[in-house]
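Asks: Residue numbers (the numbering used here), protein chains in the order written: chain A, 13 to 351; chain B, 31 to 308.
Read the hints as simulated data drawn from the structure, not as lab findings. Hints may be right or wrong, so weigh each one.
[As the list claims (entries may be wrong)] Taking lysine to any residue and the SDA-like style, the derived pairs with C-alpha atoms no more than 20 Å apart in a straight line are:
| no. | chain 1 | residue 1 | chain 2 | residue 2 |
| --- | --- | --- | --- | --- |
| 1 | A | LYS80 | B | PHE36 |
| 2 | A | LYS155 | B | SER152 |
| 3 | A | LYS155 | B | LEU153 |
| 4 | B | LYS294 | A | PRO163 |
| 5 | A | LYS111 | B | SER152 |
| 6 | A | LYS80 | B | LEU153 |
| 7 | A | LYS155 | A | THR266 |
| 8 | B | LYS294 | A | LEU68 |
| 9 | A | LYS155 | A | CYS256 |
| 10 | A | LYS242 | B | SER152 |
| 11 | A | LYS242 | B | LEU191 |
| 12 | A | LYS80 | B | LEU156 |
| 13 | B | LYS208 | A | GLY57 |
| 14 | A | LYS155 | B | TRP35 |
| 15 | A | LYS155 | B | LEU45 |
| 16 | A | LYS80 | B | GLN155 |
| 17 | A | LYS155 | B | LEU156 |
[What the hints assert, rightly or not] Example chain B residues on the side facing chain A (calculated, C-beta under 7 Å, incomplete):
| no. | residue |
| --- | --- |
| 18 | ILE63 |
| 19 | THR67 |
| 20 | SER70 |
| 21 | LEU107 |
| 22 | SER132 |
| 23 | PRO206 |
| 24 | ASP235 |
| 25 | PRO252 |
| 26 | MET253 |
| 27 | VAL255 |
| 28 | ILE267 |
| 29 | ILE282 |
| 30 | LEU283 |
| 31 | ILE287 |
All residues carry an ideal CB built from backbone N, CA and C; glycine is no exception.
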Amino acid sequence: MGLVEKAADIAEHGTDGARTGAAPVAASRPPAGLGFLGRFRPGRGLVLAVPYFWLLFFFLVPFVIVLKIALSETTIAIPPYTPMFEWDPDTLQLSIDIKFGSFSYLFTDNLYILAYLNSLWIAFISTILCLLIGYPVAYAIAKAEPSWRAPLLMLVILPFWTSFLIRVYAWIGLLGNGGLVTETVNTVLMGLGLIAEPLQILYTPTAAYIGITYSYLPFMILPLYATLEKMDNTLLEAASDLGCPPWRAFLTITLPLSLPGILAGSLLVFIPATGEFVIPELLGGPDTLMIGKVLWAEFFNNRDWPVASAVAIALLLFLVVPIMLFQQVQGQQQGGGKG
Amino acid sequence: MPRSWFLRFGLLFGLVFLYGPIAMLIFFSFNDIRSVTVWSGFSLRWYGELFNNQQLLSAAWLSLRVAFISACGAVVLGTMAGLLMARFGPFRGRALFAGMISAPLVMPEVILGLSLLLLFVSLEQLIGWPQGRSMTTIILAHITFTMAFVAVVVQSRLVSLDASLEEAAMDLGARPAKVFFVITLPIIAPAIVSGWLLAFTLSLDDLVIASFVSGPGSTTLPMIVFSSVRLGVSPQINALATIVVLIVAIGILIAGILNHRAEKTRARDEQMAQQNGG
């Protein structure tokens, strides 16, 4: 038996084995699901250790440090916070100094609570807008002829490869006084007699909604397309054969089946949008209160590292549930990681 | 094209929404006057000013170097992480690793930036390294947040790929390292390339994390763009945007053509293999 036939043979029978968890082809194979690296201890250890320790060190440990600094006080020093542990060489005593001042400070000023709630609200509205604009686009691409799908998908992804900052900047011109969008909206609304004076759009929360929706739209479309494309079309055909009108078939079949995509896309938009800084800063103006801006101001303008850290920890607490939900969805989409 | 007029309209609206602002940006980069709302006449003066803006050019050069090195680092670590998630089966601490590798995908940048800065400051206090903030700290930060994206791309490619090819090679006596370099790597090469490009773009584009971890001597391109945009609109930024869009469009076009060719070759190979085998 040649090598290719052998490989093909194993490919044919091996997959069945992997699915049921048995190893029918050769007794020497590692248990199915363990993968080919399962047998090779030294190499396995290295491939495992390097990314693992990198993430532990550069991703997990920093959060512990943020928590530590959030529990200290600001002071005029380099770095500008009080040390948590102090070692006294004379008495050989380690004193631990924990201060909750920064956290309680978040409750003394309404600004912080308002900023958190406002961020969640703005992220929520933007997620809904992304869904409303993104769903028809994703559905249209999934319904298009196969030869059209790749180019259309490419068109959706392409803006994502250009600079995020520059795409936000584009809206300053469009939404500013005399900008194309603002002028059009004002002409239409004033022509209809709905408003007496021209609206200001730039530097209002509306501009932040538009900016976030615009920047995060591809993140909504891609997971939606992925679920809609896999959908079984015969279900819709059967529904139509049985006399179900298209809108009802959509509501009872397509929409429920695309829920995983809706969930994945919504989380991909909602979570980062909650902590967004650039868009509210450039488009939202001073009236748009968002926690990302507050954190930035505490850190760069007030130089209050402990309060900035406390703001970050609190933001993380708000996002723990959505992030865990996202990881659940992500894990399911990646097929549980089995080979 | 989909048949429903509603879907056609939805698709058109979505695409106009995505491309309208970019088109306007490009249009006003050729404006004669310093305005991005009123058209006066065609000129290339903003391109001239852009190429004489020394501060911006040196920032762009720094950003390109940071992005290149970060993307290379992220590809190595991200591929390992993807392999770990897709081919290692259960191992101790897998849940923690899965959490750490997917969290940076959605984690707000202000949190990542702040936490990495505090790590670097604490490290400097403890062991005296890294001394101050510089290009090095930006690169370390960028590798950390972009490797997650590489890992996702590589992992989904590996999951869709049947592990039995690798297992067959193992059964025929190939060592795991050889299996990886001879079988796995060539198959996941497209994923690695797109992972590299993704990491490069994300690094080149990052403002928030770089602002936290950069020092006085290391100002990246987005930081320059941001501070100039804060002061008001400038057609110079439009000119820069036009150049970026042009480069990206050419890059995607080339990638698309190469991909199309590779697919054709693969389809032909598969056909030949089937004919020979059957």
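Asks: Would you list, in rising numerical order, the hints stated earlier that this structure does not obey?
Replies: Structure breaks hints 1, 2, 3, 8, 10, 17, 18, 20, 26, 30 and 31.
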